[in-house]
Amino acid sequence: MNAVDGSSHVPQAGFASELEEELPSLLVLILDTSPLGWGAQSPAISLHEAVASLLIFINSHLALNHSNEVAVIASHTNCVKYLYPVPGEDYSKLVPKSTATSGTESSEEMITNVQSNGDNGTLNDASMYRQFRVVNESVMKQLELLLLGTSASDIEHNGKISDATLISGALSTSLAYINRLVGGVNDNGPKVRARIMVVSVCSDLASQYVPIMNCIFAAQKMKVPIDICKIGNDTVFLQQAADTTGGVYMHLEHPRGMIQYLMTAFLPDRALRKHLIIPTQSSIDFRAACFCHNRIVDIGYVCNICLSIYCQPPADGSCAICDTIFDPKELAELLKKPVVVTTTVPKNKTKKKKKKDSDATPTFAPAL
Amino acid sequence: MRSTTRSNGARPVSNLELRSTAGGYIWEDSIQRSWDVVQEDAGGSLAGVVAELVQAGKRKRLHYDTTPLQRGIIRHLILVLDLSMSMSEKDLRPTRYQLSISYAVQFVADYFEQNPISQLGIIGMRDGLANLVSQLGGNPTEHISALQALRKQEPSGDPSLQNALEMARGGLYHVPSHGTKEVVIIFGSLLSCDPGDIHKTVGTLKAEHVRVRIVGLAAEVAICKEICRRTNEGDSTSTYGVILNEQHFKELLLASCTPPASTKQKSSASLGSDLMRMGFPSRIVETSPSFCACHSRLIKGGYICPRCKVKVCSLPTECPACGLTLILSTHLARSYHHLMPLRNWDEVDWNDAKKASSCFACQLPFLTALSSAPRLRVSVSGSTTNATAVSAIATGGASGRFRCPSCKQMFCIDCDLFAHEILHNCPGCEAAAGGRKLSNGQAATEVSTATTSAYA
Chain A
1 MNAVDGSSHV PQAGFASELE EELPSLLVLI LDTSPLGWGA QSPAISLHEA
51 VASLLIFINS HLALNHSNEV AVIASHTNCV KYLYPVPGED YSKLVPKSTA
101 TSGTESSEEM ITNVQSNGDN GTLNDASMYR QFRVVNESVM KQLELLLLGT
151 SASDIEHNGK ISDATLISGA LSTSLAYINR LVGGVNDNGP KVRARIMVVS
201 VCSDLASQYV PIMNCIFAAQ KMKVPIDICK IGNDTVFLQQ AADTTGGVYM
251 HLEHPRGMIQ YLMTAFLPDR ALRKHLIIPT QSSIDFRAAC FCHNRIVDIG
301 YVCNICLSIY CQPPADGSCA ICDTIFDPKE LAELLKKPVV VTTTVPKNKT
351 KKKKKKDSDA TPTFAPAL
Chain B
369 MRSTTRSNGA RPVSNLELRS TAGGYIWEDS IQRSWDVVQE DAGGSLAGVV
419 AELVQAGKRK RLHYDTTPLQ RGIIRHLILV LDLSMSMSEK DLRPTRYQLS
469 ISYAVQFVAD YFEQNPISQL GIIGMRDGLA NLVSQLGGNP TEHISALQAL
519 RKQEPSGDPS LQNALEMARG GLYHVPSHGT KEVVIIFGSL LSCDPGDIHK
569 TVGTLKAEHV RVRIVGLAAE VAICKEICRR TNEGDSTSTY GVILNEQHFK
619 ELLLASCTPP ASTKQKSSAS LGSDLMRMGF PSRIVETSPS FCACHSRLIK
669 GGYICPRCKV KVCSLPTECP ACGLTLILST HLARSYHHLM PLRNWDEVDW
719 NDAKKASSCF ACQLPFLTAL SSAPRLRVSV SGSTTNATAV SAIATGGASG
769 RFRCPSCKQM FCIDCDLFAH EILHNCPGCE AAAGGRKLSN GQAATEVSTA
819 TTSAYA
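Sequences listed follow chains A and B, in order.
Heads up, the first sequence is in this note's numbering, so the first residue is 1 and it goes up one at a time.
Heads up, the second sequence is in this note's numbering, so the first residue is 369 and it goes up one at a time.
It cannot be assumed that every hint is accurate.
[Said to hold, decoys possible] For the chain B half of the interface with chain A, some residues (derived, Cβ under 8 Å), not all of them:
#1 His542
#2 Val543
#3 Met644
#4 Ser656
#5 Pro657
#6 Ser658
#7 Cys662
#8 Val678
#9 Ser697
#10 Leu707
#11 Ile781
#12 Asp782
#13 His792
Derived from the structure by calculation, the hints contain no laboratory data.
The C-beta atom is built at its ideal place from N, Cα and C for all residues, glycine as well.
Using the sequences plus the hints, can you model the full thing?
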């Protein structure tokens, strides 16, 4: 009755809030804070500059829609910490201080201001948009506390200093947070659309393969895309994460221009990405590595009890992981190779053959 | 004096099981009205009561079987639907027939999500015959479209269990020994119209290691119980269930999506532990479209079989040229959580509750005082699980916190459900560096053992 001319481009009354473009978006940012990882990037980009770019990115995300929300989680070498929102703090009670400073401070000044204040109940500047200021301050302060509290023993794995961080823990925690805010996997339309973005500098940790795969499947089920912003060398697990969940994977060639990568590739949320062509990596190596030699395999042998992959049938006839003994007849079948029959031809015959061949070989003469 | 009832070799039922808590027999008790649990509070609102019932439901779901059993991961399952006259009953909305088909569609989607390298076939029982609805295959869209086509037909005739089981047995005949052979039957009738001796059929099923599960919609039927008991090594309680309501129907049906535990086989030759040769193709990106070998469709890009180099469009599949099973390593990874299940978390008593003020994973602030849980009038005649759960909340025995035994972190009930049903990871264990003492360079042979020791 409301449709006068049958055109469907005008949304019906009361329908606008259910359009996907209008739904608020929750961005969960996972920041990899491995000191060794960032140290290795140091001529190109430092953690300070990266965090400054990320704060601008977060502010832009919050500016796109009034009800947009953000959460920031730090994935450290030995723990996972919420940088914003911090449990136990009531952000509605923060009171602005009456100093008349400009709203565009650099990140260094912000840190000194936060440190000199001491308590977390004040906002430095009344002229900055409140939501931005709250997030920025919380992130800077918690990050500072986290890094100051890290000792040399915390960044060791197995006695050696490593740049590995707990990406699987951060992903699990962020998915649980999204589950709480979105209300679980239900079909009658969530009120908030969520996505995860990971800024990573470290390389893969083999022991995290199974937990990361579990997180990827959970994210796929909840329809949460995982975007990856990779600085440094490529990782396979995170590439698969982005591809399986429908996210964007970008490996930063020039980390100095990080803010531009963030604003163009990562800022548009899921609804807008349908209308844009987003740069992402499309050639993904899905091949598996065998468990015995860590070689990449094209054709592998899979144990059907424990699903471990081998490049060739194990010599002792049993699986190294689950100790099941394979049927020797089946193994023999797999190891069968085609039999090559060689015939020896006497020498004089070949000579004659050659002469005959030279007479007998037809030559192709094109008809002209 | 112990009186026993016997039926066809089943276990005798003793008097004690038929007695209710009040002393007489169960059927002599007064009628239990499940709607008595819902009472309005002082303001006349039901919101608090509903929230409590939801919480009680959540706690009921928290007991998972977490023993790491050996499971059959490569599954071949035949779904048998009852399309006989008894399915036009309207005790399930809109009719048993329509609801069964809707749940069957959901079952197909769930099955292929949980078991990406398995195969499924569908058979229908109508007019005393067994009809093939969908061939044994690995593509979910084909099965779903076949089921949608079934919706337009009407149920008629009598069901024949023997014909359906014989057809299923034929379909599963060629399955290699490392795959499981299963049949799931949705049975809404109380009879079976068979041309021969069904017990012989059950004998041949048992000899070929076919396992049958039945979901009954009407009442318990002796022959169904017999079939389940004989093909599942004497266990008919977990394989044959009769539904109480629609949610229970869905639960029973979707319970077949988890891979079954392997049973001990008598001969070592048929242990089922095999090494399977599989290909892991890489994806190619093309500028101009070319044909895929499986459907002869023009597509841009696809996967190249590592053995014969033909292009296929989607995975997992069998290469149409050389027969090699082609999968991605992510498909194998989907089944890892069945092999290494997450341990149950313990409920925390109020004495220890002060150690955490908010949930570790989602930052939800915990209740701090007993008085915040509303009192609820507990009806004596309610079902036992409901009564204990509700009374537990009313008396404050459980603090709403759950602790993981390995990492000792506390979580809320929503995170508990989420971690056990969807995520299969403990956020606390993942966020602790202690269990992960591997550096990058070590071989991945230790991956499984390390994670198994953390999980089991």
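### Message
Checking hints one by one. Is His542 (chain B) an interface residue toward chain A, by the C-beta closer than 8 Å rule?
### Response
Given a least distance of 16 Å, the restraint on His542 (chain B) is violated.
### Query
Measuring from the C-beta of Asp782 (chain B) to each C-beta in chain A, is the shortest one below 8 Å?
Since the shortest Cβ distance to chain A is 6 Å, the answer is holds.
### Message
Given a cut of 8 Å on the nearest C-beta pair, is the interface hint for Ile781 (chain B) held or broken against chain A?
### Response
11 Å, violated
### Task
Under 8 Å, Cβ to Cβ, is where Leu707 (chain B) needs to be relative to chain A, so tell me if that hint holds or is violated.
6 Å, holds
### When the least beta-carbon distance from Ser658 (chain B) to chain A is tested against 8 Å, hint result
17 Å, violated
### Message
Tell me if the interface restraint on Ser656 (chain B) is satisfied: Cβ within less than 8 Å of some Cβ in chain A.
### Response
16 Å, violated
#### Entry: Hint check, Val678 (chain B) versus chain A [nearest Cβ-Cβ separation less than 8 Å]
14 Å, violated
### Query
For the hint on Val543 (chain B), does the least C-beta distance to chain A fall short of 8 Å?
13 Å, violated
### Query
Once the shortest beta carbon distance from Pro657 (chain B) to chain A is found, is it less than 8 Å?
16 Å, violated
### Query
Can we keep the Ser697 (chain B) interface hint, with Cβ of chain A closer than 8 Å?
4 Å, holds
### Query
Against chain A, with CB atoms and a cut of 8 Å, does the hint on Met644 (chain B) hold up?
5 Å, holds
### Task
Let me know if the C-beta of Cys662 (chain B) comes in closer than 8 Å to any C-beta of chain A, holds or violated.
18 Å, violated
When the structure is compared with the earlier hints, violations turn up for hints 1, 2, 4, 5, 6, 7, 8, 11 and for no others.
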